[in-house]
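Heads up: the sequence lines are chains P and R, in that order. Each residue of the first sequence is one higher than the last, beginning at 22 in the working numbering. Each residue of the second sequence is one higher than the last, beginning at 42 in the working numbering.
Incorrect hints may appear among the rest.
To be verified - Straight-line alpha carbon distances no greater than 30 Å define the calculated DSSO-like cross-link-like pairs of lysine-lysine that follow:
no., chain 1, residue 1, chain 2, residue 2
1, P, Lys-150, P, Lys-81
2, P, Lys-107, P, Lys-44
3, R, Lys-332, P, Lys-150
4, P, Lys-81, R, Lys-281
5, P, Lys-104, R, Lys-332
6, P, Lys-81, P, Lys-40
7, R, Lys-286, R, Lys-416
8, R, Lys-325, R, Lys-289
9, R, Lys-222, R, Lys-281
10, P, Lys-128, R, Lys-416
Since the hints were derived computationally from the structure, they do not count as laboratory data. Note that the structure is predicted; figures quoted are calculated from it, not measured.
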Amino acid sequence: MKNVQKSKRANQSLPFFFKDEFKVSFVIIFISLILLLTTFTFDIVPPILNRGIQPATFPKALLILIIAMTLIVYYLSIKNPWKIEKKLPRSFFLTLFSFILFVIVSKTLDFFLAISALSIFVAYYWGEKRLFYLLLVGIIFPIIVFVFFETILGLRFPPGIITNIYYS
Amino acid sequence: MDNLLLMLAPLFSSKLLLVLFFGTLFGLILGVLPGLGPTTGGALILPFTMTLDPLSAIVLLTSIYCAGTYGGAITAVLINTPGTPAAAATCLDGYPLAQKGEAGRALGMATVSSTVGGIFSVVILVFFAPILAQLAYEFGQPEYFALAIFGLTMLASIGEGSPIKNLIAGAFGILISTVGKDFMTSIDRFTFGINELTEGIGFIPVVVGLFAMSEMLTQSTLINQVFNRIALKAIKLPSKDDYKKTWKTILRSSGIGSFIGVLPAEGGTVASLIGYSEAKRFSKNPEEFGKGSIEGIAGAEAANNAATGGAMVPTLALGIPGSATTAVILTGLIIHGVRPGPDLFREQPDFLYGIFGAMLIANILFFIFGFFGAKIFARITLVPNKILWPMIFAVSVCGTYSLNQSIIDVWIMLFFGVLGFFMRRYGFSVVPVIIGLILGELVEGTLRQSLVIFDGNWLMFFTRPIALTFFILSLIALAFPLIRSSKLKKK
Numbered sequence: 022m023k024n025v026q027k028s029k030r031a032n033q034s035l036p037f038f039f040k041d042e043f044k045v046s047f048v049i050i051f052i053s054l055i056l057l058l059t060t061f062t063f064d065i066v067p068p069i070l071n072r073g074i075q076p077a078t079f080p081k082a083l084l085i086l087i088i089a090m091t092l093i094v095y096y097l098s099i100k101n102p103w104k105i106e107k108k109l110p111r112s113f114f115l116t117l118f119s120f121i122l123f124v125i126v127s128k129t130l131d132f133f134l135a136i137s138a139l140s141i142f143v144a145y146y147w148g149e150k151r152l153f154y155l156l157l158v159g160i161i162f163p164i165i166v167f168v169f170f171e172t173i174l175g176l177r178f179p180p181g182i183i184t185n186i187y188y189s
Numbered sequence: 042m043d044n045l046l047l048m049l050a051p052l053f054s055s056k057l058l059l060v061l062f063f064g065t066l067f068g069l070i071l072g073v074l075p076g077l078g079p080t081t082g083g084a085l086i087l088p089f090t091m092t093l094d095p096l097s098a099i100v101l102l103t104s105i106y107c108a109g110t111y112g113g114a115i116t117a118v119l120i121n122t123p124g125t126p127a128a129a130a131t132c133l134d135g136y137p138l139a140q141k142g143e144a145g146r147a148l149g150m151a152t153v154s155s156t157v158g159g160i161f162s163v164v165i166l167v168f169f170a171p172i173l174a175q176l177a178y179e180f181g182q183p184e185y186f187a188l189a190i191f192g193l194t195m196l197a198s199i200g201e202g203s204p205i206k207n208l209i210a211g212a213f214g215i216l217i218s219t220v221g222k223d224f225m226t227s228i229d230r231f232t233f234g235i236n237e238l239t240e241g242i243g244f245i246p247v248v249v250g251l252f253a254m255s256e257m258l259t260q261s262t263l264i265n266q267v268f269n270r271i272a273l274k275a276i277k278l279p280s281k282d283d284y285k286k287t288w289k290t291i292l293r294s295s296g297i298g299s300f301i302g303v304l305p306a307e308g309g310t311v312a313s314l315i316g317y318s319e320a321k322r323f324s325k326n327p328e329e330f331g332k333g334s335i336e337g338i339a340g341a342e343a344a345n346n347a348a349t350g351g352a353m354v355p356t357l358a359l360g361i362p363g364s365a366t367t368a369v370i371l372t373g374l375i376i377h378g379v380r381p382g383p384d385l386f387r388e389q390p391d392f393l394y395g396i397f398g399a400m401l402i403a404n405i406l407f408f409i410f411g412f413f414g415a416k417i418f419a420r421i422t423l424v425p426n427k428i429l430w431p432m433i434f435a436v437s438v439c440g441t442y443s444l445n446q447s448i449i450d451v452w453i454m455l456f457f458g459v460l461g462f463f464m465r466r467y468g469f470s471v472v473p474v475i476i477g478l479i480l481g482e483l484v485e486g487t488l489r490q491s492l493v494i495f496d497g498n499w500l501m502f503f504t505r506p507i508a509l510t511f512f513i514l515s516l517i518a519l520a521f522p523l524i525r526s527s528k529l530k531k532k
C-alpha cells in the first residue's frame with residue numbers, strides 16, 4: 022500500500038504528457054479517431070436497399086462511446102493518478118523482438134523454422150543454457166507438435182524450406 | 042426420469058468416459074500452471090475438437106472448465122500464486138494455512154468444497170437452464186438486444202480493473218466483431234484492403250493472443266522471480282471439526298457462486314471474491330481470515346466451482362456467455378453446428394443432458410484426481426517457464442493456424458498478445474474484450490433487426506416489458522460499482 026502511494030506521488034510530479042494515463046488515453050483516442058474517420062469511407066447503402074441503419078452507423082457509435090469513456094478515464098486519473106509501472110526489463114523486449122522475428126521468418130523462410138527459432142531464442146534469453154533442453158524446446162517439441170497436427174488434424178502447413186522437404 | 046437416464050449416458054459410453062478422463066486431467070494441469078487456465082486451454086484445444094463429434098467436443102471443453110477451475114487452488118495453496126484468476130481469493134487463507142504446515146488440510150478443504158460447489162451448480166443448471174430456455178421463447182429481437190446490453194453492462198462489475206476501463210474493453214471487443222463484411226449489406230468494414238479480413242477476425246486468435254501470448258510477455262518480465270513452494274506430504278480429507286465449521290459456508294458459497302455464474306459475463310473470479318467476503322461476514326471467527334482460516338478456503342473454492350454450472354445456464358439457454366471460458370465453449374458449440382438457445386432444449390435434449398451429466402462426472406473425477414494426485418500436480422509447477430512457454434508458443438501458433446489454415450490468424454494472435462500485455466499493464470482487463478467479441482454480432486444484429494421491426498423508432502424498445510426490464514437491470518449494473526465504491530470511501 023505504501024509503495025502504491027509512493028509511486029502515485031512520484032507520478033504526480035511528472036509533466037502531464039509523460040504520465041501513463043495521458044499516454045494511454047492519447048493512444049486510445051488517436052486510434053479511435055483514425056478508425057472513426059475510416060468509417061466515413063464505408064460504402065453507403067442506397068435508401069431502397071437499406072434496412073434499419075447504415076453499416077457505418079454502429080461502429081461510429083461505438084468509437085464515439087470509446088472516446089467519451091476514455092476522456093472520463095483520463096479525467097478521473099487527474100484526481101486519482103495511476104501508479105507508475107516498473108520499467109520493462111530487457112527480456113520483455115527480446116521476447117517482443119522474437120515475435121517480430123517469428124513473423125519475418127514465417128513469411129520469408131519457413132513456418133516450422135520460425136517456431137523453432139523463436140523457441141530456442143526465448144528459452145536461451147530466459148536463462149536456459151543447457152543444449153539438451155534447447156534442442157527439446159526448439160526442435161524435438163516443435164516436431165512432435167508439427168507431426169501431431171499434420172497427422173491427427175490433417176493440417177497442411179504453409180510452404181517453406183523445411184516443410185517443402187517434408188511434403189515432397 | 043428420462044432426463045436422469047440421459048444425464049447418465051456418458052457413464053455408459055467408453056468414448057465419452059475417455060474424453061472426460063483426459064479433459065479432467067488436462068484441465069487440472071492447466072489450472073495448476075499459473076498464467077494458463079481453462080479459458081486459454083479451452084481455446085488451444087478447440088482445433089483438436091474438430092476430430093470429435095459435437096457431444097464429445099463439448100464434454101471435453103466443459104470437463105476442462107470444471108477441473109481447471111479447481112486446479113487453480115493447488116497453486117494458490119502451495120505457491121501463493123493463483124493458478125487461475127478464480128483462485129485469487131483462495132491464496133488469502135490457503136497459503137497461510139500451508140505455511141503453518143497444514144497444506145494437506147488446506148488442499149483437502151479446497152477439494153471437498155470445490156466438488157460440492159461444482160455438483161450443486163450442476164443441479165442448478167439442470168433445473169434452471171430449461172426454465173430460462175422456456176422463458177426465452179417469449180424473446181424477440183428487441184429482447185435479445187436488451188439482454189445483450191445487460192450482459193455488456195455487467196462487465197462494469199466483473200471485479201478486475203476499473204468499471205469504465207472494463208466497459209471500454211467491452212466496446213473494443215464489439216468493435217472487433219464489426220471487422221469484415223457487414224452481415225446485412227455485405228459492405229466491407231475495417232478490412233483495409235486485406236482479403237483475409239473480409240471474413241472477420243476469428244475468436245480463437247483473439248483469445249489465444251489475449252490470454253496465452255500476453256501471459257508469455259508478462260512471464261518474460263518475471264524470469265528472475267523465485268516461487269517458494271511449500272512441500273505437500275499428502276492431501277487430507279477435512280476432519281469432523283472442519284466440516285462442522287464449514288458446511289454452512291460451503292452451502293452458502295455454492296448458492297452465491299451459482300447465482301453469480303448465471304449472471305451474464307460474470308464468472309468464477311467475482312463469485313469467489315463474494316463467496317470469500319460473505320464467509321468472513323457470517324463467520325464466528327472473522328479475525329482468523331487472512332491468517333489461514335479453513336472457512337475462507339471453503340468459501341472461495343465452493344463459490345468459484347459453483348460458478349461453472351451457473352455460467353453454463355445463460356450460455357446454453359440464451360447463447361449469452363456466463364464467463365470467459367463459457368465464451369470459448371459457446372464458440373465450440375457454434376463451430377460444431379450447435380446453436381444454443383431454447384430450440385436446443387426442445388430438439389436435442391439428449392445432447393444437453395449428456396453435457397449436464399458429463400459436468401457432474403467431471404466434478405467427481407477431479408475430486409478423485411485431486412485427492413490422489415495433488416502431489417503430482419503440484420510438481421507440474423516445477424516446470425521452469427523458460428521450457429514451458431516456448432512449448433506453449435508452439436502449440437498456440439499451430440492451434441491458431443489450424444482452424445482456417447491462415448497465417449494471418451497467427452499474426453493477429455501475436456498482435457493481440459502484445460495488445461493484451463499492455464492492456465493488463467495499464468489496468469484494462471482482457472476478459473471484456475472476449476465477451477464483447479462474442480456478443481458483438483448479437484448486439485448489432487438484434488439492434489438493426491429491431492429497428493427494421495420498429496420502423497426506425499428507437500422509443501419502441503421501451504414499450505416492451507421484458508426489454509424494458511433488461512434496460513433497467515443494465516442501469517443498475519452500471520450504477521452498482523459507483524454505489525460500491527462510494528460505500529467503500531465512506532468506510
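Cross-check of the supplied hints:
With a C-alpha separation of about 51 Å, the suggested pairing of Lys-150(P) with Lys-81(P) is violated against the 30 Å cut-off. Note on Lys-107(P) and Lys-44(P): the hinted pairing holds, with a Cα-Cα distance of about 16 Å set against a maximum of 30 Å. Annotation: proposed proximity of Lys-332(R) to Lys-150(P) is violated, straight-line Cα distance about 40 Å (limit 30 Å). With a C-alpha separation of about 61 Å, the suggested pairing of Lys-81(P) with Lys-281(R) is violated against the 30 Å cut-off.
Under the criterion of a C-alpha separation no larger than 30 Å, the hint pairing Lys-104(P) with Lys-332(R) is consistent with the structure, at around 28 Å. At roughly 29 Å between alpha-carbon atoms, Lys-81(P) and Lys-40(P) fall within 30 Å of each other, so this suggested pair holds. Restraint check for Lys-286(R) and Lys-416(R): the C-alpha separation of about 26 Å stays at or below 30 Å, so the hint holds. For the suggested pair Lys-325(R) and Lys-289(R), the alpha carbons sit about 12 Å apart, so the restraint of at most 30 Å is met.
A hinted pair counts as satisfied when its Cα atoms are at most 30 Å apart, and Lys-222(R) with Lys-281(R) does not qualify at roughly 62 Å. As the CA atoms of Lys-128(P) and Lys-416(R) are separated by approximately 44 Å, the hinted pair breaks the 30 Å bound.
Going through the hint list in order, the structure does not satisfy hints 1, 3, 4, 9, 10.
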